[in-house]
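Residue numbers (my numbering), protein chains in the order written: chain A, 1 to 365; chain B, 1 to 509; chain C, 1 to 354.
Among the hints, a few may not be true.
To give an idea of the interface, some chain C residues facing chain A are shown, with a C-beta separation under 10 Å as derived from the structure [said to hold, decoys possible]:
| # | residue |
| --- | --- |
| 1 | 266 |
| 2 | 271 |
| 3 | 327 |
Chain A side only, calculated, beta carbon under 10 Å to chain B, not exhaustive [what the hints assert, rightly or not]:
| # | residue |
| --- | --- |
| 4 | 193 |
| 5 | 196 |
| 6 | 209 |
| 7 | 212 |
| 8 | 215 |
| 9 | 222 |
| 10 | 225 |
| 11 | 227 |
| 12 | 231 |
| 13 | 233 |
| 14 | 290 |
| 15 | 341 |
| 16 | 345 |
| 17 | 347 |
In short, the hints are calculated from the structure, not lab data. Predicted model only: the values in this text are computed from it and were never measured. Even for Gly, the Cβ is constructed at its ideal location relative to N, Cα and C.
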Amino acid sequence: MPNKKVLPPNASALARITRHQIIIPLAALLLLAVFNLINDPSFFSISLKPNSNGDQILSGNIISIIDNGSELAILALGMTLVTAASGGQDISVGAAIAISGSVMLRVLCGADARAETLQAPIIVAFLVACLVSMAFGAFNGALVAFFKIQPMVATLILFTAGRNIASWINNSQLPIVKEESFSYFGNYIPGIPIPTPFIIAIVCFIIMFLVLKFTNLGLYVQSVGINEKTSRLNGLNPELIKLMTYVILGLCVAVAALIKVSRISTINYSVVAKDIEMDAILAVALGGNALSGGKFSMAASVIGAYVIQFLTTTLYALEVNAAALPAYKAVVVILLVVMSSPAVKEKLAVVGKKFRKNGAAAEKA
Amino acid sequence: MRDKAILEMRGIYKSFPGVKALQNVDFTLCKGEIHALMGENGAGKSTLIKVLTGVHIKDEGNIFIRTESGEEQEVQIHSPQEAQENGISTVYQEISLCPNLSVAENIYIGRGDSAFISWRKMNKRADELLKSLGIDVKATQQLASCSIAVQQMVAIARAVDMDCRVLILDEPTSSLDDSEVKKLFGLMRQLKDRGVGIIFVTHFLDQVYEVCDKITVLRDGTLVGEYEIENLPRLQLVSKMLGKDLDDMADIKEEAPVFEDKGAAPVYEGEGLCSSEGIKPFDFYIRPGEVNGFTGLLGSGRSECVRTIFGADKVTGGKVKMDGKEVRITKPREAMDNGIAYLPEDRKRDGIVGDLSVKDNIILALQVKTGFFKPFSKAKATEFANEYIKLLDIKTASVNTPIKSLSGGNQQKVILARWLLTNPKYLILDEPTRGIDIGTKTDIQKLVLKLASEGMSVTFISSETDEMLRTCSRLLVMRDRRLVGELTGDQLTQSAVMNTIAGGDKNAE
Amino acid sequence: MLNMLRTDGAPKPPSRKMTDTNLLMTITIVVFFAMYICSIVFLGEGFRKPQTMLNLISTNSYMIILACGLSIVMITGGIDISVGGVTALVAMSCAVYLEMHDGNVFVAVLIAIGIGLAFGIVQGYLVAYLQIQPFIVTLAGMFFARGLTTIVHTDPFNVTNEAFVTLKDSRITIPLLGSTTKKGVYIPATIEIGVIVAIVIVAVLFCVLKWTKLGRSFYAVGGNRQSALLLGLNVRRTTFISHVICGLLAGIGGFVYFMHVGSGSPSHASGAEMNAIASSIIGGTMLTGGVGNIVGTLFGVLSLALIQSIVASLGLDDPWWTGITIAAMLCIFLVVQSIIIARRKKANKAAGAV
């Protein structure tokens, strides 16, 4: 991103900044923040209060945003890669979270849904869940990469079957984890006032940042997404790279599932992570990434994810009915994409040009 | 407007962000003439055509059309539809038909006022039309099942049937073989006799002098001039297009390729190579510092041969030795690991990664070679990119400019840079000079000779035999997907090559 | 002297007659009848009665209408995932109007059509003229419709409006297909009114797609947008119209659904959009655009419905089996389609090269 200070404050510099894609989610974030500031400055207040366990924790709207936005932001990481490489989106992530969470509970509680003690260490359950969701990711990836099925259609399969498979795994029972340490992942670790999901998300961002910096993942994924034939002739294996992005998304799903399940220590197959696939895709789109694949900006997607959560929390703060929330979200999303659509941008540019022309004429006169 | 003129464009301006594509360009087309529009890449030919067909909208200027009743009239063209309504039809270089529809539909869609379609009538009319033009295809056939050449002919049939007064042919011959080009020219003359004005855009000078009446030359978005064909000899045309003298061209002609076969072990040696694309098994070798080439007609299998060497197609058989050691090359990656580089024929489809920057395009192949876990730092990548931008004289705003915004010749140089960066032992160039301007063509030929003198082996393919004779010391001739001859030394003459291609000279085998 | 490789003497490539569209549709129809015959032979009883099939069609008439709309958008190369939400919104709005304002059934129909058209027009405008990705636009449309449904009314309720109940319960008798019970009473075969609506829509759309300029424009735009533009088609308007038609059909489908269930609820028609997309795909429509057929879509819907009732009658009545079966069927169809298309492409390429 060009540094604002170095550039002369003229129109072309402005144009250069606005052309950078990260400006879209940042502008949206700023807009929401300003709106809340005007509407109710106390929206931003953060306080340190003891929770029901007597631990000191931070609370406030901002904390709730970074807490509840974690799963979404983690999914946005994987979704960005999938979008970039395969030019399509995985709509099965919500269903895959259900499966992954179900597997986790099955391993933790064994056959007895009301087991008093854990049947396996949490780490084992998590690893098994990782393997399972990576396997499902590989299934999606294989359909996309080897059978050349459009991603949305290919993942429609798991979207349809996912929640059913999840309830099948536990025979429609809803196991409850009694062990307290399991709930740390979705809530607070005693003594740390920051919500654990946010810490997990930060760890994921750092890992992703390191991966992008110290491997060629970014270059490979983008060139496969932009021109598959060229990539092949340059020695890449496009199928394998696409498959890999889906497997990475699978890993993200497992992490998100851990947080989701840990939040309530149990699972509801038909409700858990409902519509999260739509939010994850929105996050990628809000980040200014082309849904048709190619170049991507990971940071923009992550900010996009938090914009969505910010919006949700803002609406809650305005006391909007939870069920009606999607309607308002939709309006905001449409406004955002309309503002950033090329056609509208062009029109705005024309208006701006006229404005400047008039200004110049006035100056001359 | 001149008496016979049916189309006149006056003072056309068009600019895109950062580029002035057309500046004060005039163009006049008369009734019943074939008018060549010439210029290097980036001269503004395509933009002018697109302004005329409504794909781009002009910034300034006027377009006049003579209506059927003979009146002249200023028209505003905002869409291809409006262009069609004004009697302007276009056949584009890349097929612009719908592959999922039938041949007949592709001819008639988007035309006529009736909201309903009578399939029987449409198919019958289409069959008659195709027959009258000598195109061997059924009207009901799905377009995707036709060869590219036939698809091109269908596009022309569509334009013919539209009773257009102005027909634009934008590089229609680049995917046709000689007999099809002849057929096309026949068609063009037939239309000319009917009074249609034809604008013909092509890179092939021979073709211009074969069919055209007039030439309009553009350079850097401005008009150089309009000339009668008999008043503008070839050399002058070229110098007008380049805007400079022909010293560069002369230069390279004198540098006859000298390659002394010192009997060194071949860098690459293949035996019984064949691939899924249906070429007959062939043997091939190349020695260090040698420049050789595959020649033959379009579709004779010369590209398929080098694709097999590089492992770009599915290799179905053969033994490969590099530096005398047996190796396995069935995938591009394996070829790269063995020091082979391949610049593909279709730059846009197989060469560039359009949205990525020049820098990323340059380092791509090397980054694949170094492996997943060894990315270059930003500074290192920029350094590499700048080194080759300077070395190959690539014209780009910065290393971070997306490659798709560069002109064709510069894109080609970027891809060349990509491969040179991998420091190959053996470089394969498949039509590196196709569709790029003459200046860059010479640059590339010079570079090939320079690389060879430094010890690199190069296989060079070009549609222009001249170029091949200038650069290669050994030519392998292909016919019917079979290697039919090898020419070296004194045999390297235009006529010998033609004879071997045509199969007349048995001695060559 | 030169070899004329392309035009003369080359062997004619095989199986030129069938277009991609027809091939995929034929597969669907064959599979449907194979399944139907198998279920009659092996599962007997229930399936032998024509009424079983007619019930299946009655229950799914709204799905046929939704899937038809989706097929048009998908043929044009777009997607519309708002249809389920619009269906729920229409049902809820009509229910509130009829029940709480004691409204007129005809006006309710107009409301349904109005809502559908409004969604179609707005979404179509955003997609076609502002060039926003259809997935995002209709995703927002889905959210909006679902949210609005709860704003209109939060709780599910039944409609007791007399005129409406009469309409809802009226059945159309089909001669010759009735059955006789063990006691010898003849029970005539009946269908709901929605089926007639669905059949009319299928017939009209089939004709539009086959014999009108507009219909062929859908295929052209879906096949290659850029080419369609250069061929002089108004690509934007065509895209716009495809979304308007889809919206309109979602409105009508919503009302047909409402006539079937006779209630309003925010959770109505949940997942309907994905079922409609799945039906369309099974019917041979390709999401890449340019390939598809309304008759195929019809059989796609029926195949999905049939397999569900087959699964149920096999005794696999755990709730998860339905979803898993649909997914498995979708998976098989997709893989088969992809293999067939890849093979044809290869054959075409070989034909082109020779």
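Can you list which hints this structure breaks, lowest number first? 4, 5, 6, 15, 16 and 17
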